[in-house]
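These protein sequences, in sequence, are chains A and B. With the working numbering applied, the first sequence corresponds to residues -15 to 84, in that order. With the working numbering applied, the second sequence corresponds to residues -3 to 169, in that order.
Honestly, the hints are just simulated from the structure, not real lab data. In this text, all values refer to a predicted model and were calculated from it rather than measured experimentally. Glycine residues also receive a C-beta, built at the ideal position from the N, C-alpha and C atoms. There's no promise every hint is true.
Ranges between beta-carbon positions, derived for each pair [claimed, not checked]:
hint: 1; chain 1: A; residue 1: L63; chain 2: B; residue 2: L90; range: 26 to 32 Å
hint: 2; chain 1: B; residue 1: S(-1); chain 2: A; residue 2: S70; range: 54 to 60 Å
hint: 3; chain 1: B; residue 1: A153; chain 2: A; residue 2: I67; range: 19 to 25 Å
hint: 4; chain 1: A; residue 1: A26; chain 2: B; residue 2: I2; range: 22 to 28 Å
hint: 5; chain 1: B; residue 1: V64; chain 2: A; residue 2: S70; range: 20 to 26 Å
hint: 6; chain 1: A; residue 1: L79; chain 2: B; residue 2: F68; range: 45 to 51 Å
hint: 7; chain 1: B; residue 1: L90; chain 2: A; residue 2: N80; range: 18 to 24 Å
hint: 8; chain 1: A; residue 1: S81; chain 2: B; residue 2: I149; range: 31 to 37 Å
hint: 9; chain 1: B; residue 1: V64; chain 2: A; residue 2: I67; range: 17 to 23 Å
hint: 10; chain 1: B; residue 1: I92; chain 2: A; residue 2: D78; range: 22 to 28 Å
hint: 11; chain 1: B; residue 1: A133; chain 2: A; residue 2: K72; range: 43 to 49 Å
hint: 12; chain 1: A; residue 1: L63; chain 2: B; residue 2: V64; range: 15 to 21 Å
hint: 13; chain 1: A; residue 1: S41; chain 2: B; residue 2: L16; range: 39 to 45 Å
Per the computed footprint, the stretches of chain A lying under chain B, defined by three or more beta-carbons under 8 Å from a beta-carbon of chain B, are [as the list claims (entries may be wrong)]:
hint: 14; segment: -13 to -7
hint: 15; segment: 23 to 35
So, partial list: chain B residues that the calculated Cβ filter (under 7 Å) puts toward chain A [what the hints assert, rightly or not]:
hint: 16; residue: I2
hint: 17; residue: F4
hint: 18; residue: A13
hint: 19; residue: A15
hint: 20; residue: L73
hint: 21; residue: A95
hint: 22; residue: V115
hint: 23; residue: M132
hint: 24; residue: L136
hint: 25; residue: L152
hint: 26; residue: A154
Here is how the chains run, residue by residue.
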Amino acid sequence: MIPVNYYIALSAVLFTIGALGVLIRRNPLIIFMSVELMLNAANLAIVAFANVYQTFSGQIFVFFVIAVAAAEVAVGLALLVEIFKSRKNINVDDLNSLKG
Amino acid sequence: MTSELIVFLVLALISVAAALGMLLSQNAVYSALFLVLNFVTVALFYLLLGAPFIAMSQITVYAGAIMVLFLFVIMLLGVENLKPAQALAWQKPLAIVLALGLALEALYLIFTRAQISGVTLAPDASANSMESLRNMALTLFNQYLLPFEITSILLLAAMVGVIALARQEKAKS
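Let's have the full structure, built from the sequences with the hints guiding it.
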């Protein structure tokens, strides 16, 4: 019997680490991984609540989130490969062509 | 302290340590491997919460497919070690302070203000049985059939988009 607060707190900590990764890392691949970590933290909270309310709906939502994340990663990584092909560099500090 | 709580605390420790390892590794390959460890611990949390199907999906889709894709792209592009070119020197300390503030406020609110009552139930023998999987499949294909089909369209659109992105170069030359 674990209080649901513990799972939500763990989820919050993992989410914060992901947010910190997006803010301080300059490698777009690691920024991407941090986004995945944040998605996972949200999933953990959803499954914990689904367990409290004893319903399958929460688990099914998490299943959809996993499917959407897979699609998002495929497109995002393809974009990164294209950027690297055209610029030979994917450091996010140097990607400022749109800067006015 | 029940054995379940001990399992939870140890797993939580490993999961947070793996996340920090992902954040702090200079080599992107190590980051990806730490993230795989984190995904596996989260899958174990799903088992603790009585969601075996989600746990297995987590392992196959996240720890398997997505992270292999990440490793493949990291090694294909050879960007294991990007030089840390900090454009804004004040950004890092500010980000750390803001993230600490976010974490502390979230934890404070969760433990004092939010009226989250109830405990998560330990999965009994029935939670991990075939009967439970069957019930979940019935819910998925009755109540959530339309979202399920829309997900398949989304995956198809992503696939077409990725193929279009990859083919562009050839069409030009």
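Checked hints:
In this structure, L63 (chain A) and L90 (chain B) meet the distance hint of 26 to 32 Å, their C-beta atoms being roughly 28 Å apart. Taking 54 to 60 Å as the suggested C-beta distance range, the pair S(-1) (chain B) and S70 (chain A) conforms, at roughly 55 Å. Distance hint check for A153 (chain B) and I67 (chain A): the Cβ-Cβ separation is about 21 Å, which falls inside the suggested range of 19 to 25 Å. Hint check: A26 (chain A) to I2 (chain B), Cβ distance near 26 Å, so the stated range 22 to 28 Å holds.
At about 25 Å, the beta-carbon gap between V64 (chain B) and S70 (chain A) stays in the expected band of 20 to 26 Å. Hint check: L79 (chain A) to F68 (chain B), Cβ distance near 22 Å, so the stated range 45 to 51 Å is violated. A C-beta distance of roughly 20 Å is found between L90 (chain B) and N80 (chain A), which places it inside the suggested range of 18 to 24 Å. Checked against the given bound of 31 to 37 Å, the beta carbons of S81 (chain A) and I149 (chain B), roughly 32 Å apart, stay inside it.
Range check, V64 (chain B) to I67 (chain A): about 21 Å between beta-carbon atoms, so the 17 to 23 Å window is met. Between I92 (chain B) and D78 (chain A) the beta carbon distance is about 23 Å. The supplied range of 22 to 28 Å therefore holds. Range check, A133 (chain B) to K72 (chain A): about 48 Å between beta-carbon atoms, so the 43 to 49 Å window is met. As the Cβ distance of L63 (chain A) to V64 (chain B) is approximately 18 Å, the hint placing it in 15 to 21 Å holds.
The hinted window of 39 to 45 Å between S41 (chain A) and L16 (chain B) is violated, with their beta carbons roughly 33 Å apart. Coverage of the segment -13 to -7 of chain A by chain B holds in this model, with 7 residues showing a Cβ closer than 8 Å to a Cβ of that chain against a need of three. Counting residues of the segment 23 to 35 of chain A whose beta carbon lies closer than 8 Å to any beta carbon of chain B gives 7, which reaches the threshold of three, so the coverage claim holds. About 11 Å separates the beta-carbon of I2 (chain B) from the nearest beta-carbon of chain A, more than 7 Å, and the hint is not met.
Checking F4 (chain B) against chain A by beta carbon gives a least distance of about 5 Å; that is within 7 Å, so the hint holds. Evaluation of the A13 (chain B) hint against chain A yields a violated restraint, the C-beta minimum of about 10 Å exceeding 7 Å. The restraint placing A15 (chain B) at the interface with chain A holds, with a minimum CB-CB distance near 4 Å, inside the 7 Å limit. A distance limit of 7 Å between C-beta atoms decides the matter here; for L73 (chain B) the minimum to chain A is near 5 Å, and the interface restraint holds.
At a threshold of 7 Å, the smallest CB-CB gap from A95 (chain B) to chain A is about 4 Å, leaving the interface hint in force. Taking 7 Å as the C-beta cut-off, the interface hint given for V115 (chain B) holds, the closest approach to chain A being about 5 Å. With a cut of 7 Å, the hint placing M132 (chain B) at the interface with chain A holds, because the nearest CB-to-CB distance is about 5 Å. Checking L136 (chain B) against chain A: minimum C-beta separation of about 5 Å stays under 7 Å; hint holds.
Against a cut-off of 7 Å between C-beta atoms, the interface hint on L152 (chain B) is violated, since the closest Cβ of chain A lies about 9 Å away. With its C-beta approaching chain A no nearer than about 4 Å, A154 (chain B) sits inside the 7 Å limit, and its interface hint holds.
Hint compliance for this structure: hints 6, 13, 16, 18 and 25 are not met, and every other hint is.
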